[in-house]
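Colleague: Letter by letter, the chains look like this.
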Amino acid sequence: MAEGPEPRDNAGRGAIRVKTVGAVLLLMASAAILAETAHRSAEYPRITPRPQLAPYSDPAERSARERDAIGTFATGTTPGDRIIVVDSDRRVRFSVVGATDPAFSSSDTFQMESVNRQPCLATSRSGIITQVDIDHLEYSGDTYERQATHRR
Amino acid sequence: MVASPQARRESCQLAGPDWKNPEPPGTPGLANGGPTCLLRLMRRVTRLPLRVADHQGVAAAQAGFGMLGIALVLFVLSAVFALVWPRWQHALRDSRARATAAALKQFDARFEKYASEHGDWPAGTPVPGAYPPGMERSLANTPWGKPTPIGGRYVWLTNTYEHGERMRACIAIVSVPGDRVSDDQRQLTALDHAVDDGNFRVGRLRLGFRNRPVYVLEH
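Protein sequence lines correspond, in order, to chains D and A. Take my numbering: the last position of the first sequence gets the number 152, and nothing is skipped along the way. Take my numbering: the last position of the second sequence gets the number 219, and nothing is skipped along the way.
Hints should not be assumed to be uniformly reliable.
Chain D residues, not near chain A, derived (Cβ > 10 Å throughout) [said to hold, decoys possible]:
1. S30
2. I47
3. A54
4. D68
5. T72
6. D89
7. R90
8. T109
9. Q111
10. V115
11. T130
If you anchor each label on the Cβ, the simulated ranges turn out as follows [what the hints assert, rightly or not]:
12. D:T109 to A:V127: 17 to 27 Å
13. A:A91 to D:D87: 43 to 53 Å
14. D:G98 to A:E112: 18 to 28 Å
15. A:V202 to D:H39: 45 to 55 Å
16. A:G66 to D:Q52: 41 to 51 Å
17. D:Q118 to A:S116: 44 to 54 Å
18. D:T109 to A:Q106: 35 to 45 Å
19. D:E145 to A:T142: 21 to 31 Å
Just so you know, these hints were derived from the structure itself, not from any lab. Predicted, not measured: the structure shown is a model, and the values here were computed from it. For glycine and all other residues, C-beta sits at the position ideal for the given N, C-alpha and C.
The task is simple: from the sequences and hints, build the whole structure.
Modeller: Below you can see the structure in the form of structure tokens.
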């Protein structure tokens, strides 16, 4: 009679353990569901995908690429065409041919990096300007040609 | 069946003194075994000390059940949230796209009216949200100048080069400091569907310079 309550205690403890483990598993599952939902919300398909940039490990090569990029490039010479000016102080200026309003102009800083083994100017706010060759840049789907008057 | 006063006194004595709330001797309830005695008995029974193991078991069982219940509720809420949230986001994108498309069509009608009256489009105003000259009254009761439902501001552009194409007249949606245009492809596709065909390459709505949405009036 004195040993009667012990099996009941053990069964009770077992049930408690099962409940606690079940609760912990449910909490972990809830956390996983919430994390996955948050991840899917944050990782949406962007209209401009972020490219995989690779920095130049050799400073000499980076400097040479930067020197190659310096100059004025434009989509054309008629009013409305777009201009990109790459300065030696790692700044890039955007403007429009014939536009006097400063709202048409903007500037940004850049780092010389590469994307798909092609040199590019990775700007801090304006995206990627790809250097197609020494006389051509590509930006936002447009090709910019080096202007003869500004050729180095 | 009614117990005599003597029997009630005896039962009360059996219950023993309340060691926690001793009543002063000579209390009327004690003297004749009245309602106070019954209360004492109940109080004593409820305060009977449980065996430690039993006490811990009950407490742990209650705690375990409570935790399981809370976890179950949280799990159900998380599952419901995971199901509802994407649908709600989808509905929100559609709603924003429809509102933006409606505003663009409203502007389109006003600009077309101006062009038919003046023989040309109003001069381009590159400042986001600024009213083109001569359009102040016409656009006064429209969302022009206000933040667009997909972020940024409307801007009127003429003779502009957008993504390889020269546009004679268009309305662009541009980012301004502190209010960027959505770059969510699903949002912009929903906008294109609301305006015309869902294809950015053709139709009224296209992607322009820096992939900003451009509503073409003439090109």
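Colleague: Taking each numbered hint in turn, which are not upheld by the structure, reported in ascending numerical order?
Modeller: Result: hints 1, 2, 15 and 19 break, sorted rising.
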